[in-house]
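Asks: Taken in order, these protein sequences are the chains called A and B. For the first sequence, position 62 (counting from the first letter as 1) is numbered 562 according to my numbering, and the numbering increases by one without interruption. For the second sequence, position 49 (counting from the first letter as 1) is numbered 55 according to my numbering, and the numbering increases by one without interruption.
Worth flagging that the hints you see were computed from the coordinates, not collected in a lab. Because the structure is a prediction, the values reported are computed rather than measured. Please note: incorrect hints may appear among the correct ones.
Said to hold, decoys possible - Derived contacts from chain A toward chain B, CB cut-off under 8 Å, selection only:
id, residue
1, P544
2, R581
3, Y587
4, K603
Cβ coordinates follow ideal geometry from the N, Cα and C atoms, glycine included.
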Amino acid sequence: DAKTTQPNSMESNEEEPVHLPCNHSTISGTDYIHWYRQLPSQGPEYVIHGLTSNVNNRMASLAIAEDRKSSTLILHRATLRDAAVYYCIRIAGGSNYKLTFGKGTLLTVNP
Amino acid sequence: GAGVSQSPRYKVAKRGQDVALRCDPISGHVSLFWYQQALGQGPEFLTYFQNEAQLDKSGLPSDRFFAERPEGSVSTLKIQRTQQEDSAVYLCASSPRAGGPAGELFFGEGSRLTVL
Numbered sequence: 501d502a503k504t505t506q507p508n509s510m511e512s513n514e515e516e517p518v519h520l521p522c523n524h525s526t527i528s529g530t531d532y533i534h535w536y537r538q539l540p541s542q543g544p545e546y547v548i549h550g551l552t553s554n555v556n557n558r559m560a561s562l563a564i565a566e567d568r569k570s571s572t573l574i575l576h577r578a579t580l581r582d583a584a585v586y587y588c589i590r591i592a593g594g595s596n597y598k599l600t601f602g603k604g605t606l607l608t609v610n611p
Numbered sequence: 007g008a009g010v011s012q013s014p015r016y017k018v019a020k021r022g023q024d025v026a027l028r029c030d031p032i033s034g035h036v037s038l039f040w041y042q043q044a045l046g047q048g049p050e051f052l053t054y055f056q057n058e059a060q061l062d063k064s065g066l067p068s069d070r071f072f073a074e075r076p077e078g079s080v081s082t083l084k085i086q087r088t089q090q091e092d093s094a095v096y097l098c099a100s101s102p103r104a105g106g107p108a109g110e111l112f113f114g115e116g117s118r119l120t121v122l
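Could you build the full structure based on these sequences and the hints that come with them?
Replies: The structure is reproduced here in structure tokens:
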């Protein structure tokens with residue numbers, strides 16, 4: 501079971517950084533960490549993914565702990581448009597193509 | 007189109023009716039997935055196609071659910087004799103890659119099915 505643990509909800513203020521944590525203590529060496537987010541009434545949207553090293557893209561940064569048992573999605577400056585459910589997903593290496601979403605973290609951004 | 011397109015966006019069916027939900031993936035995408043999302047829950051995997059081949063249908067809840075992708079592009083999810091527990095948002099996703107895991111899936115906005 502590709503399980504991750506996230507807080508049910510978090511709150512942030514606009515223009516401030518947001519750190520969304522995820523625990524995946526049973527991760528194996530070939531498992532990837534993917535983050536998706538889902539805005540209200542929309543399908544999930546890919547945010548970022550990584551294996552071992554920290555990753556940056558135009559949307560966010562992903563910091564992966566050295567032991568890989570946890571990771572943090574970092575939004576550098578939250579906007580109102582970032583209010584969404586954020587899903588941290590562990591995907592086994594090889595040919596595993598299924599995303600197991602869980603309930604995610606509901607991020608509220610205050611103006 | 008530029009993204010994954012699903013139709014209808016909303017469907018209301020009476021219990022016992024058959025429904026068909028359509029997905030137009032991004033042109034050229036090899037992989038196509040269907041997910042089911044109940045209210046307040048994360049999406050759950052239903053089935054996976056690589057081109058026209060249905061490689062995994064382990065997530066389909068019952069034999070009332072059937073999916074096809076006959077020409078390796080458009081896909082249809084059919085639900086026969088709908089039940090109230092089938093009420094959910096049905097999400098389609100596509101990917102230019104075969105299989106996984108690295109790389110992003112592109113999701114449509116979903117088809118919301120309400121069974122009365």
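Asks: Hints first: check each against the structure and report whether it holds.
Replies: Results for each hint:
Using the Cβ-Cβ criterion of 8 Å, the hint placing P544/A at the interface with chain B is satisfied: the shortest such distance is roughly 5 Å. This hint is violated: R581/A has a C-beta 16 Å from the nearest C-beta of chain B, more than the 8 Å allowed. With a cut of 8 Å, the hint placing Y587/A at the interface with chain B holds, because the nearest CB-to-CB distance is about 6 Å. Hint status for K603/A: holds, given a least beta-carbon distance of 6 Å to chain B, under 8 Å.
Of the hints listed earlier, the one the structure fails to meet is number 2.
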